[in-house]
Each structure stands twice: as structure tokens, then as C-alpha cells.
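Trainee: These are the residues of each chain, in order.
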Amino acid sequence: MSSLALDKPAPQAATRPARDGWRSGSYWPFVLPALLVVGSVIVFPWAFTLWMSLHEWQVGGGSSFVGAANFMRLFTDLRFHEAIVHTLVFTALAVLLPLVLGLFSAIVFHQNFKGRGFLRGLFVMPMMATPVAIALVWAMMFHPQLGVLNYLLSLVGIPPQLWVFHPATVIPSLVLVETWQWTPLVMLIVLGGLAAIPTEPYESARIDGATAWQTFRHITLPLVMPFIMVAAIIRSIDALKSFDIIYAITQGGPGTASETINLYLYSVAFAYYDIGYGSAIAVVFFLMVIGLACLLLWLKQRTKWTEVGVGA
Amino acid sequence: MRLRQLLNRIGLWFAVLMIVSPAVMFFVWMLSLSLKYEIDNAAYPPVLIPEQFAWSNYAAVLESNRFGTYFLNSIVVTGSATLLGLAVGVPAGYGMARMKANKSAVVVLIARMTPGLSYLIPLFLLFQWLGVMGTLLPQIIIHLVITVPIIIWIMIGYFETTPVELEEAATIDGADRWQVFRHVALPVARPGITVAFILAVIFSWNNFVFGIVLAGRETRTLPVAVYNMISFEQLSWGPLAAAALLVTLPVLLLTVLAQRQIVAGLTAGAVKGG
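Residue numbers (the numbering used here), protein chains in the order written: chain G, 3 to 314; chain E, 118 to 391.
Hints in this document: simulated from the structure, not taken from any laboratory.
It should be emphasised that the depicted structure is a prediction, and the values quoted were computed from it without experimental measurement.
Treat the hints loosely; a few may be bogus.
For each label pair, taking beta carbons as the anchor points, the in silico distance ranges come out as [what the hints assert, rightly or not]:
#, chain 1, residue 1, chain 2, residue 2, range
1, E, Glu285, G, Ile221, 39 to 47 Å
2, E, Pro308, G, Pro31, 18 to 26 Å
3, G, Trp53, E, Phe170, 55 to 63 Å
4, G, Phe120, E, Leu179, 28 to 36 Å
5, G, Tyr275, E, Glu335, 19 to 27 Å
6, G, Phe46, E, Gln169, 51 to 59 Å
7, G, Tyr153, E, Gly128, 27 to 35 Å
8, E, Arg377, G, Pro174, 30 to 38 Å
9, E, Ile166, G, Pro174, 29 to 37 Å
Here are some, though not all, of the chain E residues that point toward chain G, as calculated from beta-carbon distances under 8 Å [what the hints assert, rightly or not]:
#, residue
10, Val137
11, Ala140
12, Ala209
13, Ala228
14, Thr365
15, Gln376
16, Ile379
Built from N, CA and C at the ideal position, the CB exists for glycine as well.
When you get a sec, could you build the whole thing from the sequences and use the hints?
Mentor: Given below as C-alpha cells:
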């Protein structure tokens, strides 16, 4: 339909003589607007954060250069150290559980059954729903007296828990929410991998009389490994950065028992308005995220002998 | 042999049930909470379907004149950020795909990795300095951080798969680059643009962290507004659950209706993301 317009490009070209230069020119004009936007809302903040992390910043006042003082403060800030531990525990759990469950779900959804598309749609809903809205309902379900979770536990004879109201159980409880929410993403990625696996290895395995477990262990798992690694990378980055769920359910509490780096960063910058120190935390946090991503990318490279599927 | 097949079938359905039920049960419970009076929400053992539905919970949320304002704010912020994102992101994705400038996409990747808060500190100061804090402008601009990378990312992937031959033919016929893009590449890319649009809308709509810092009383988006309900109104579960459901309802509807596109977009983006 629009290709009709191609037959008579002359009048349009006449109204835009300046664009004649494009014919032999580059694609830069297409990229330029995005470059400006990315430059001003993404690259500029990076640079500015770095600059501010070297300054003491007073709201409404000026700023003074303090060198690495903000970064030195991190070494003696116990609350920051605790936040690192919370973040690492939370991230480790919130990566591993969705990976295991997501792999299992992907294998199930790779089978043929009635209503698969519809059920997959239901399964994906937690991931797309508004995190704050979900968090509010989880908070109600976690309620020790009125919450439905303790009732469900009582049905199977488990004593009631304090969930997010006790320092020892708060992080596992939040991981439960995160797992519920993000297992679908792992499932989708691994499902894409399963779809790309050729059928020949399975046929020869069947002829050789391999058991279902052997087939999974020696054929499926190695072949989808690159996809599992991709899921692990994305999940790690997202778990490290997790904010909405934690903030809306516990605000880092009880006390600071579930305060991750991201939440501490928020408090420092926007509750105490300690902008310089907050920027220093942001820089260190950013480096941690990049570092973890690079580590996992390196691990992924080591599994690239099964690269066949990755081109998908 | 048939018995074995039957057992496999039962096992599969049991597995499907186990996997899907947490998601389904959660949203059913959310609906139940939102339709119960306080006395039913506080009952033990919990009540799933009450004798009387508390439609008043929804009425209370919808009637509060602020809900309309916040809904409108969400529409304006998400709408503007998505449309602006498409306006700059689609041509950029096209340009990058044709230039084979895949390395420049690393910026997009890093943007995805960066914690949202680290954009917030400098832009917050900038907006204060510009004196635009009382308006929706700061949120529209900062939501570009969400929409632009998603759109560029998906569009690069999409334009890489669309045939170049057609574009070359148009060039030989005398069309300039802009015309080729406008009349050849763009129509072919419509499905890709749909995917980018849907995902940008969902992630922008859901965003919370930018709003809690940048939104004032009049400029809150729905996620921020529903969060503020806990702190400023009495903790009554029914209306709170009703509000939560209303906030996420547009996204859930979109997810169910456009499930295929969403899955395609997320899988493509994710797999390329490695």
C-alpha cells in the first residue's frame, strides 16, 4: 500500500532538496536524535554522578571538591557493608531459584498440550504486572495474623511465620516474591533455547536406549546452557538492582534487615540528601553490576561450544 | 504402553498445574481481597468468596477525585515517553542496523544494566535547577531512560531481519534514504514497532522509583499514588487491593491480549541481550 508512494517520489523530493545529500550519505541522520536523547538522559547522568561523587554537595548551596573522601567513607560505613551482604544473599537466592524453576517450567511448556499458549500467558502475568501493586498484595498475604500464607501453612501443619516482619525471614520472603515474579522471564529465554535444539540428538539417544534423565543431563542441558547463562546474566543484573518490591513491602526493614545497596542508596540520596556520598555509592554499585555482568559473560563464553543455538 | 502414556499425560498436567497455579491463585486472591468488606478480609479462616461483594471498595477508589488525576498523569507520562521514544528510537534502530553499528548498541546494553537511581540523582538536581519540578516534564523526560533503550534494542533486532533488497531496489528507483525508510522499511517493520510500543508502555507504566522522587502531590503517577495510599490513609485492605488491581489492570489486559508479541519481544531482546 505505501509502496505506491514510491512510484512518484518526485514531488516529495522537490520539497525536500536538502535531503538529496542523503542518497549517497550515511545513516547518521537517523541515529542523531536518539544519540542526543541518550547523551542527555543517560550519558550525562553517568558523567555527572561520577563528578558529584568527588564532591560534597549541599542542597541549595554549592559544592566543594573533596577528592576520594566519599569513597573512603564507604570503607568505614557499617550500614553499607551490611547492605552489601543483604544484596549478595538476596541476589544469589533470587537468581538461583528462578533459574531452577524457570528451567523446569520451560521443559514443561516445551511439551505439546491443549491451551499451552493461554496458560503461558497466565504464567507470564506476574512479570508484567505493576510491581508496586503486586507488592501491596504480597504485604497483605505476609501479614502474620490476617495473611493467607500462614493459613496455607497451617493446612499442611507448619507453624505460622513472621515472614517480612522478622529479620531472619525477611530476605527469604522477599526472594519468594521475586522468584514468583521473575521465573517466567527465565522460562521464556530457556524456552527459546529449547525450540532451537535440533531433534537428531534425541532420536539417536532414543535408539541408544538412553533414559529420560540421561537425555536431559547429556543432551538438553548442554544445548540450552548458553540460554541459561543469558537468563542468569539478566536475572543477576535485575536482582542486584531490585527496588520496587523491597521498598514497597519492607522499606528495608525490619530495622535495616532487608536494606540492599539500592535501598541504602535511595535513603542516602533522597532521605538524607547526602548527594555526594549517594553518588559515590551509585558509582560503586554501578561497577558491581558491570563487574558481575562481565563475570557471567565470561562464563557464557566458556560454554560457547554449543553456540549453534545462540544465533536465534 | 497406553497406561504409560496416560501416566505421562497426568504427570504433565500436574506439572502444568503446579507451575501456573501460583500466578493464577495470586491474582484470584487479589481480586477476592478487593471485593471483600473489612470483616471478611479479617476473617479466620480466610474467606475466598464473600457472601456480599464490596463493590464499594472500587467505588471509593474511583470516586476520589485524585484517582482521575493520577490516571491522567500516568497516561500523559507513559504516552509521551513512549511516543517520543518511538520517534527517536525507531529511526535509530534502523540506522544502527543498516550501518551494522552493533557495537554502539553496547551503550543501550549498559543503560539497561545501570541502576535507575543513578540517573535520578543528577537529573533530579537538573530539574530542580531548571525549576520544572511541579510539572510532569521531569517524569516524561526520565521515562525516556526506560523507553528509548527498549525501543532501539528491539528495532535493531527487527531491522536486521528485514530484507535489504527491497530498499536497494527503491534506492535504484531514485528514492533518497528518508523515502526508503518512510515508504519501504517502516511499513515492513510495523510488527516490530508494535512489540517495541507494547513493551515500552508496560515498563513505563509500571515504573515506580522515578515517580517517588520526582512526583509531587499533583503529579503522581498511579504506582506512586497507590503506594502513598498505605502511608496516608488508614490501612484498610479492601480499597487498597481494589486500587492495586485498577493500577495494574491495563497492563494485565495488554499482557493477555498481546501475549504473543510480548513473548516474542522479550525473548528476542533477552537472547540478544547476551
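Trainee: Tryptophan 53 of chain G and phenylalanine 170 of chain E, beta-carbon distance inside 55 to 63 Å?
Mentor: holds, 57 Å
Trainee: Given the hint of 39 to 47 Å, is the C-beta distance from glutamate 285 of chain E to isoleucine 221 of chain G inside that range or not?
Mentor: holds, 42 Å
Trainee: Are alanine 209 of chain E and chain G close enough, Cβ to Cβ, to be under 8 Å, as the hint says?
Mentor: It holds, given that the least Cβ distance between alanine 209 of chain E and chain G is near 3 Å, below 8 Å.
Trainee: Threonine 365 of chain E was flagged as interface toward chain G. Is the shortest Cβ-Cβ separation under 8 Å?
Mentor: holds, 4 Å
Trainee: May I ask you to test the hint 27 to 35 Å on the CB atoms belonging to tyrosine 153 of chain G and glycine 128 of chain E?
Mentor: holds, 29 Å
Trainee: Does 19 to 27 Å hold as the CB distance between tyrosine 275 of chain G and glutamate 335 of chain E, or does it fail?
Mentor: With a Cβ separation near 22 Å, tyrosine 275 of chain G and glutamate 335 of chain E satisfy 19 to 27 Å, so the hint holds.
Trainee: Interface hint check: isoleucine 379 of chain E, Cβ to nearest Cβ on chain G, cutoff 8 Å. Holds or violated?
Mentor: holds, 7 Å
Trainee: May I ask you to test the hint 28 to 36 Å on the CB atoms belonging to phenylalanine 120 of chain G and leucine 179 of chain E?
Mentor: Roughly 30 Å apart at Cβ, these two residues keep to the hinted range, so it holds.
Trainee: Could you check if glutamine 376 of chain E really has its C-beta closer than 8 Å to a C-beta on chain G?
Mentor: It holds, given that the least Cβ distance between glutamine 376 of chain E and chain G is near 4 Å, below 8 Å.
Trainee: Is it true that phenylalanine 46 of chain G and glutamine 169 of chain E lie within 51 to 59 Å of each other by Cβ?
Mentor: holds, 56 Å
Trainee: Could you check if alanine 140 of chain E really has its C-beta closer than 8 Å to a C-beta on chain G?
Mentor: holds, 5 Å
Trainee: Does the Cβ-Cβ separation between isoleucine 166 of chain E and proline 174 of chain G fall within 29 to 37 Å?
Mentor: At 31 Å between Cβs, range holds.
Every hint, counting from the list given before, is met by this structure.
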